[in-house]
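Here my numbering is used: position 207 in the sequence shown is 218, and no number is missing along the way.
Rather than coming from a laboratory, the hints here were simulated on the basis of the structure.
For each residue, glycine too, the CB sits at the ideal point set by N, CA and C.
Hints are not guaranteed to be accurate.
[Said to hold, decoys possible] Okay, the calculated beta carbon distance ranges per label pair:
1. Val107 / Leu311: 43 to 49 Å
2. Ser35 / Met250: 41 to 47 Å
3. Gly298 / Gly262: 24 to 30 Å
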Amino acid sequence: MATLQPRNGRWRAIVRRKGHPTQSKTFPTKTAAKTWGDRIERELADYEARGGTPGENLTIEQLISWRIEDLASVKAAGATQTGNLTRLREGLGTIVARHLTANDVIEHARRRVQGDHMNAKGHIIPCCSAATMNVELGFLSELLKLAGPMKGVKLASDPVAEARPVLRLLKLVGKSKQRDRRPTTGELQRLHAHFAAAEWRATIPMSDIVTFAILTAKRESEITRLQWSDLDATNRTAMLRDAKHPRAKVGNHRIFPLLGESWDLVQRQPRIAGEDRIFPFNSKSVGTAFTRACSKLGVLDLCFHDLRHEAKSRLFEQGYDIPEVAAVTLHRSWNELKRYTQLRPESLHRVPTRPDHTEVESEEQ
12 MATLQPRNGR
22 WRAIVRRKGH
32 PTQSKTFPTK
42 TAAKTWGDRI
52 ERELADYEAR
62 GGTPGENLTI
72 EQLISWRIED
82 LASVKAAGAT
92 QTGNLTRLRE
102 GLGTIVARHL
112 TANDVIEHAR
122 RRVQGDHMNA
132 KGHIIPCCSA
142 ATMNVELGFL
152 SELLKLAGPM
162 KGVKLASDPV
172 AEARPVLRLL
182 KLVGKSKQRD
192 RRPTTGELQR
202 LHAHFAAAEW
212 RATIPMSDIV
222 TFAILTAKRE
232 SEITRLQWSD
242 LDATNRTAML
252 RDAKHPRAKV
262 GNHRIFPLLG
272 ESWDLVQRQP
282 RIAGEDRIFP
292 FNSKSVGTAF
302 TRACSKLGVL
312 DLCFHDLRHE
322 AKSRLFEQGY
332 DIPEVAAVTL
342 HRSWNELKRY
352 TQLRPESLHR
362 VPTRPDHTEV
372 ESEEQ
(Lines of atoms letter the chains of each structure in order from A; the text may use other names.)
(Lines give C-alpha, C1' and ligand atoms only; values in the text may rest on other atoms or scores of the structure.)
Protein backbone atom coordinates (compact mmCIF):
# COMPACT_ATOMS: atom_id res chain seq x y z
CA MET A 12 0.00 0.00 0.00
CA ALA A 13 1.29 3.46 -0.89
CA THR A 14 2.50 5.76 1.89
CA LEU A 15 0.78 9.17 1.98
CA GLN A 16 2.51 12.19 3.53
CA PRO A 17 1.20 15.79 3.95
CA ARG A 18 3.64 18.37 2.54
CA ASN A 19 2.89 22.11 2.82
CA GLY A 20 -0.83 21.75 2.13
CA ARG A 21 -0.27 19.06 -0.53
CA TRP A 22 0.01 15.28 -0.38
CA ARG A 23 2.89 13.08 -1.48
CA ALA A 24 2.40 9.42 -2.37
CA ILE A 25 5.37 7.06 -2.00
CA VAL A 26 5.35 3.56 -3.49
CA ARG A 27 7.94 1.07 -2.26
CA ARG A 28 8.00 -2.45 -3.65
CA LYS A 29 10.82 -4.94 -3.22
CA GLY A 30 12.97 -5.14 -6.32
CA HIS A 31 11.71 -1.87 -7.78
CA PRO A 32 13.03 1.67 -7.39
CA THR A 33 11.01 3.83 -4.99
CA GLN A 34 8.55 6.11 -6.78
CA SER A 35 6.94 9.25 -5.37
CA LYS A 36 4.75 12.10 -6.59
CA THR A 37 3.02 15.09 -4.95
CA PHE A 38 -0.64 16.04 -5.53
CA PRO A 39 -2.95 18.84 -4.37
CA THR A 40 -5.35 16.42 -2.62
CA LYS A 41 -5.02 13.25 -0.58
CA THR A 42 -7.51 11.47 -2.83
CA ALA A 43 -5.43 12.17 -5.94
CA ALA A 44 -2.29 10.99 -4.21
CA LYS A 45 -3.97 7.75 -3.12
CA THR A 46 -5.36 7.14 -6.60
CA TRP A 47 -1.90 7.54 -8.14
CA GLY A 48 -0.29 5.29 -5.51
CA ASP A 49 -2.88 2.53 -6.02
CA ARG A 50 -2.39 2.70 -9.80
CA ILE A 51 1.39 2.39 -9.56
CA GLU A 52 1.10 -0.58 -7.22
CA ARG A 53 -1.34 -2.33 -9.60
CA GLU A 54 0.99 -1.73 -12.54
CA LEU A 55 3.95 -3.21 -10.66
CA ALA A 56 1.89 -6.23 -9.58
CA ASP A 57 0.63 -6.80 -13.16
CA TYR A 58 4.20 -6.47 -14.45
CA GLU A 59 5.42 -9.21 -12.12
CA ALA A 60 2.37 -11.38 -12.90
CA ARG A 61 3.32 -11.31 -16.60
CA GLY A 62 6.72 -12.75 -15.73
CA GLY A 63 8.70 -9.53 -15.46
CA THR A 64 11.66 -9.51 -13.07
CA PRO A 65 11.40 -6.72 -10.47
CA GLY A 66 14.90 -5.41 -11.09
CA GLU A 67 15.21 -6.00 -14.80
CA ASN A 68 15.00 -2.31 -15.69
CA LEU A 69 17.16 -0.93 -12.89
CA THR A 70 20.17 1.03 -14.12
CA ILE A 71 23.62 1.05 -12.56
CA GLU A 72 22.89 4.59 -11.36
CA GLN A 73 19.74 3.46 -9.56
CA LEU A 74 21.59 0.55 -7.95
CA ILE A 75 24.34 2.88 -6.73
CA SER A 76 21.76 5.24 -5.20
CA TRP A 77 20.12 2.26 -3.49
CA ARG A 78 23.50 1.04 -2.19
CA ILE A 79 24.55 4.41 -0.77
CA GLU A 80 21.19 5.59 0.57
CA ASP A 81 18.76 2.73 1.23
CA LEU A 82 21.28 0.08 2.27
CA ALA A 83 23.22 2.40 4.61
CA SER A 84 21.35 1.16 7.70
CA VAL A 85 22.45 -2.43 6.95
CA LYS A 86 25.95 -1.82 5.63
CA ALA A 87 27.07 1.77 5.31
CA ALA A 88 29.32 2.69 2.41
CA GLY A 89 32.56 4.35 3.52
CA ALA A 90 34.13 7.41 1.92
CA THR A 91 36.37 5.32 -0.34
CA GLN A 92 33.52 3.14 -1.55
CA THR A 93 31.23 6.12 -2.10
CA GLY A 94 33.90 7.86 -4.17
CA ASN A 95 34.46 4.79 -6.34
CA LEU A 96 30.72 4.27 -6.81
CA THR A 97 30.43 7.90 -7.89
CA ARG A 98 33.00 7.29 -10.64
CA LEU A 99 31.04 4.20 -11.72
CA ARG A 100 27.83 6.22 -11.76
CA GLU A 101 29.47 8.78 -14.06
CA GLY A 102 30.82 6.16 -16.45
CA LEU A 103 28.22 3.37 -16.43
CA GLY A 104 25.16 4.93 -14.75
CA THR A 105 22.84 4.96 -17.77
CA ILE A 106 23.26 1.23 -18.53
CA VAL A 107 20.52 -1.17 -17.39
CA ALA A 108 22.28 -3.41 -14.88
CA ARG A 109 21.16 -6.73 -16.36
CA HIS A 110 22.41 -5.60 -19.79
CA LEU A 111 25.90 -4.73 -18.48
CA THR A 112 28.55 -6.59 -20.49
CA ALA A 113 32.25 -7.29 -20.11
CA ASN A 114 32.87 -4.91 -23.01
CA ASP A 115 31.09 -2.11 -21.12
CA VAL A 116 33.40 -2.72 -18.17
CA ILE A 117 36.49 -2.76 -20.38
CA GLU A 118 35.51 0.47 -22.13
CA HIS A 119 34.86 2.17 -18.81
CA ALA A 120 38.28 1.10 -17.53
CA ARG A 121 39.96 2.26 -20.74
CA ARG A 122 38.36 5.70 -20.52
CA ARG A 123 39.38 6.05 -16.88
CA VAL A 124 42.96 4.85 -17.21
CA GLN A 125 43.88 6.14 -20.66
CA GLY A 126 42.24 9.52 -20.28
CA ASP A 127 39.17 9.51 -22.55
CA HIS A 128 37.32 11.83 -20.17
CA MET A 129 33.77 12.04 -21.56
CA ASN A 130 30.92 9.62 -20.88
CA ALA A 131 27.60 9.19 -22.73
CA LYS A 132 26.01 12.06 -20.77
CA GLY A 133 28.86 14.40 -21.58
CA HIS A 134 30.19 14.27 -18.02
CA ILE A 135 33.93 14.40 -17.37
CA ILE A 136 35.37 11.14 -16.02
CA PRO A 137 38.58 11.70 -13.99
CA CYS A 138 41.65 9.66 -14.90
CA CYS A 139 43.01 7.04 -12.53
CA SER A 140 45.78 4.48 -12.21
CA ALA A 141 45.44 0.75 -12.97
CA ALA A 142 45.55 0.04 -9.22
CA THR A 143 42.68 2.46 -8.54
CA MET A 144 40.70 0.92 -11.39
CA ASN A 145 41.20 -2.50 -9.80
CA VAL A 146 39.64 -1.25 -6.55
CA GLU A 147 36.79 0.48 -8.40
CA LEU A 148 35.81 -2.70 -10.24
CA GLY A 149 35.87 -4.59 -6.96
CA PHE A 150 33.13 -2.29 -5.67
CA LEU A 151 31.16 -2.78 -8.92
CA SER A 152 31.37 -6.55 -8.52
CA GLU A 153 30.16 -6.26 -4.92
CA LEU A 154 27.27 -4.04 -6.02
CA LEU A 155 26.09 -6.59 -8.61
CA LYS A 156 26.33 -9.43 -6.08
CA LEU A 157 24.13 -7.51 -3.64
CA ALA A 158 21.66 -6.50 -6.36
CA GLY A 159 20.96 -10.09 -7.44
CA PRO A 160 19.12 -11.48 -4.40
CA MET A 161 18.14 -8.10 -2.90
CA LYS A 162 16.87 -6.20 -5.96
CA GLY A 163 16.00 -8.98 -8.40
CA VAL A 164 18.71 -8.05 -10.91
CA LYS A 165 19.36 -11.30 -12.76
CA LEU A 166 22.64 -11.51 -14.69
CA ALA A 167 23.53 -14.42 -16.96
CA SER A 168 27.17 -14.07 -15.88
CA ASP A 169 29.48 -11.75 -13.96
CA PRO A 170 30.64 -9.07 -16.46
CA VAL A 171 33.43 -7.89 -14.13
CA ALA A 172 34.90 -11.39 -13.79
CA GLU A 173 34.71 -11.87 -17.56
CA ALA A 174 36.46 -8.56 -18.18
CA ARG A 175 39.36 -9.05 -15.76
CA PRO A 176 41.59 -11.30 -17.93
CA VAL A 177 41.40 -8.76 -20.78
CA LEU A 178 41.92 -5.85 -18.40
CA ARG A 179 45.09 -7.49 -17.07
CA LEU A 180 46.40 -8.09 -20.59
CA LEU A 181 45.73 -4.46 -21.50
CA LYS A 182 47.29 -3.31 -18.20
CA LEU A 183 44.11 -1.48 -17.27
CA VAL A 184 44.10 -3.05 -13.80
CA GLY A 185 47.05 -3.83 -11.60
CA LYS A 186 48.55 -3.73 -8.13
CA SER A 187 49.50 -0.47 -6.45
CA LYS A 188 53.10 0.65 -6.86
CA GLN A 189 55.18 1.00 -3.76
CA ARG A 190 56.44 4.54 -3.26
CA ASP A 191 59.98 5.15 -2.08
CA ARG A 192 59.82 8.94 -2.06
CA ARG A 193 61.29 10.59 1.03
CA PRO A 194 61.70 14.35 1.42
CA THR A 195 65.28 15.59 1.54
CA THR A 196 66.58 17.82 4.32
CA GLY A 197 66.72 20.73 1.88
CA GLU A 198 63.12 20.20 0.76
CA LEU A 199 61.87 20.16 4.34
CA GLN A 200 63.82 23.32 5.15
CA ARG A 201 62.27 25.09 2.15
CA LEU A 202 58.78 23.92 3.10
CA HIS A 203 59.17 25.10 6.71
CA ALA A 204 60.52 28.46 5.52
CA HIS A 205 57.56 28.80 3.13
CA PHE A 206 55.01 28.04 5.85
CA ALA A 207 56.77 30.37 8.32
CA ALA A 208 56.67 33.23 5.81
CA ALA A 209 52.93 32.72 5.27
CA GLU A 210 52.13 32.20 8.94
CA TRP A 211 50.77 35.72 9.43
CA ARG A 212 47.90 35.11 7.02
CA ALA A 213 47.44 31.33 7.34
CA THR A 214 44.90 29.71 9.65
CA ILE A 215 46.53 26.26 9.60
CA PRO A 216 49.89 25.86 11.43
CA MET A 217 51.34 23.83 8.56
CA SER A 218 54.92 23.88 9.83
CA ASP A 219 53.86 22.31 13.14
CA ILE A 220 51.62 19.78 11.39
CA VAL A 221 54.41 18.70 9.02
CA THR A 222 56.78 18.27 11.97
CA PHE A 223 54.13 16.38 13.93
CA ALA A 224 53.46 14.07 10.97
CA ILE A 225 57.15 13.17 10.73
CA LEU A 226 57.43 12.58 14.48
CA THR A 227 54.26 10.47 14.82
CA ALA A 228 53.74 8.83 11.39
CA LYS A 229 50.10 9.97 11.33
CA ARG A 230 47.95 10.79 8.31
CA GLU A 231 46.41 14.25 7.93
CA SER A 232 42.94 12.84 8.69
CA GLU A 233 44.29 11.27 11.89
CA ILE A 234 46.15 14.39 13.01
CA THR A 235 43.01 16.51 12.67
CA ARG A 236 40.99 14.01 14.78
CA LEU A 237 43.27 13.95 17.83
CA GLN A 238 41.63 15.34 20.98
CA TRP A 239 42.92 17.10 24.08
CA SER A 240 40.82 14.81 26.26
CA ASP A 241 42.63 11.76 24.87
CA LEU A 242 46.11 12.87 25.98
CA ASP A 243 47.84 11.16 28.89
CA ALA A 244 50.29 13.61 30.48
CA THR A 245 51.78 10.99 32.81
CA ASN A 246 52.79 8.60 30.03
CA ARG A 247 52.98 11.18 27.24
CA THR A 248 50.64 9.23 25.01
CA ALA A 249 47.62 10.03 22.86
CA MET A 250 44.64 8.00 21.71
CA LEU A 251 43.69 7.83 18.06
CA ARG A 252 39.99 7.10 17.75
CA ASP A 253 38.66 4.94 14.92
CA ALA A 254 42.14 4.07 13.66
CA LYS A 255 42.32 2.74 10.13
CA HIS A 256 41.43 -0.95 9.83
CA PRO A 257 40.36 -3.01 6.79
CA ARG A 258 37.26 -4.38 8.51
CA ALA A 259 36.67 -2.77 11.93
CA LYS A 260 37.56 0.91 11.89
CA VAL A 261 34.66 2.15 14.04
CA GLY A 262 35.58 1.74 17.71
CA ASN A 263 39.18 0.80 16.90
CA HIS A 264 40.78 3.20 19.40
CA ARG A 265 44.58 2.90 19.63
CA ILE A 266 47.10 4.52 22.00
CA PHE A 267 50.50 5.66 20.70
CA PRO A 268 53.47 7.46 22.31
CA LEU A 269 54.30 11.08 21.57
CA LEU A 270 58.06 10.75 21.13
CA GLY A 271 60.72 13.44 21.10
CA GLU A 272 59.42 16.96 20.75
CA SER A 273 55.95 15.87 19.63
CA TRP A 274 54.56 16.23 23.17
CA ASP A 275 55.86 19.80 23.50
CA LEU A 276 54.62 20.59 19.98
CA VAL A 277 51.12 19.53 21.01
CA GLN A 278 51.22 21.53 24.23
CA ARG A 279 51.99 24.77 22.43
CA GLN A 280 48.90 24.54 20.25
CA PRO A 281 46.22 27.08 21.24
CA ARG A 282 43.16 25.76 23.02
CA ILE A 283 39.82 26.90 21.60
CA ALA A 284 36.74 27.14 23.80
CA GLY A 285 34.23 24.44 22.92
CA GLU A 286 36.71 22.61 20.65
CA ASP A 287 38.35 19.40 21.84
CA ARG A 288 40.46 18.78 18.76
CA ILE A 289 44.14 19.66 19.02
CA PHE A 290 44.39 20.54 15.32
CA PRO A 291 40.81 21.67 14.50
CA PHE A 292 41.15 21.84 10.74
CA ASN A 293 39.75 20.09 7.69
CA SER A 294 42.13 17.29 6.73
CA LYS A 295 41.59 18.00 3.02
CA SER A 296 42.65 21.61 3.57
CA VAL A 297 45.86 20.38 5.20
CA GLY A 298 46.64 18.15 2.22
CA THR A 299 45.80 20.91 -0.23
CA ALA A 300 48.04 23.43 1.56
CA PHE A 301 50.92 20.97 1.48
CA THR A 302 50.44 20.17 -2.21
CA ARG A 303 50.25 23.84 -3.17
CA ALA A 304 53.43 24.60 -1.23
CA CYS A 305 55.28 21.78 -3.00
CA SER A 306 54.06 23.04 -6.36
CA LYS A 307 55.08 26.62 -5.64
CA LEU A 308 58.55 25.56 -4.44
CA GLY A 309 59.13 23.11 -7.27
CA VAL A 310 59.25 20.10 -4.92
CA LEU A 311 58.27 17.34 -7.33
CA ASP A 312 56.43 14.09 -6.63
CA LEU A 313 55.97 14.67 -2.90
CA CYS A 314 52.64 14.27 -1.11
CA PHE A 315 51.65 14.57 2.53
CA HIS A 316 51.43 10.80 2.92
CA ASP A 317 55.16 10.57 2.10
CA LEU A 318 55.79 12.17 5.50
CA ARG A 319 54.38 9.00 7.04
CA HIS A 320 56.97 7.01 5.06
CA GLU A 321 59.65 9.37 6.30
CA ALA A 322 58.55 8.94 9.91
CA LYS A 323 58.70 5.14 9.80
CA SER A 324 62.07 5.11 8.12
CA ARG A 325 63.52 7.54 10.67
CA LEU A 326 62.34 5.38 13.55
CA PHE A 327 64.16 2.36 12.14
CA GLU A 328 67.25 4.45 11.44
CA GLN A 329 67.23 5.60 15.06
CA GLY A 330 67.47 1.98 16.19
CA TYR A 331 63.87 1.18 17.16
CA ASP A 332 62.86 -2.44 16.52
CA ILE A 333 59.73 -3.64 14.73
CA PRO A 334 57.35 -3.82 17.75
CA GLU A 335 58.51 -0.37 18.90
CA VAL A 336 57.95 1.20 15.48
CA ALA A 337 54.57 -0.52 15.21
CA ALA A 338 53.58 1.00 18.57
CA VAL A 339 54.03 4.45 17.00
CA THR A 340 52.67 3.77 13.50
CA LEU A 341 49.87 1.48 14.78
CA HIS A 342 50.54 -1.16 12.12
CA ARG A 343 49.48 -4.64 13.17
CA SER A 344 52.01 -6.64 11.16
CA TRP A 345 55.52 -6.38 9.72
CA ASN A 346 54.16 -7.04 6.22
CA GLU A 347 52.05 -3.89 6.46
CA LEU A 348 54.92 -1.88 7.92
CA LYS A 349 57.81 -2.84 5.69
CA ARG A 350 56.28 -1.59 2.42
CA TYR A 351 56.41 1.96 3.75
CA THR A 352 59.94 1.77 5.11
CA GLN A 353 62.70 3.15 2.91
CA LEU A 354 65.97 3.15 4.86
CA ARG A 355 68.85 5.28 3.67
CA PRO A 356 71.95 3.05 3.32
CA GLU A 357 74.22 5.58 5.05
CA SER A 358 72.03 5.39 8.18
CA LEU A 359 72.96 1.76 8.76
CA HIS A 360 76.50 2.50 9.98
CA ARG A 361 76.79 1.53 13.63
CA VAL A 362 79.55 1.72 16.22
CA PRO A 363 80.85 -1.87 16.64
CA THR A 364 79.48 -3.47 19.77
CA ARG A 365 81.84 -6.48 19.87
CA PRO A 366 85.50 -6.16 20.90
CA ASP A 367 88.01 -5.53 18.15
CA HIS A 368 90.72 -8.06 17.21
CA THR A 369 93.34 -6.68 19.62
CA GLU A 370 91.00 -6.87 22.59
CA VAL A 371 90.07 -10.44 21.74
CA GLU A 372 93.73 -11.49 21.61
CA SER A 373 94.52 -9.90 24.99
CA GLU A 374 91.55 -11.70 26.56
CA GLU A 375 92.75 -15.01 25.13
CA GLN A 376 96.21 -14.43 26.64
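Structure-inconsistent hints, enumerated in ascending order: none
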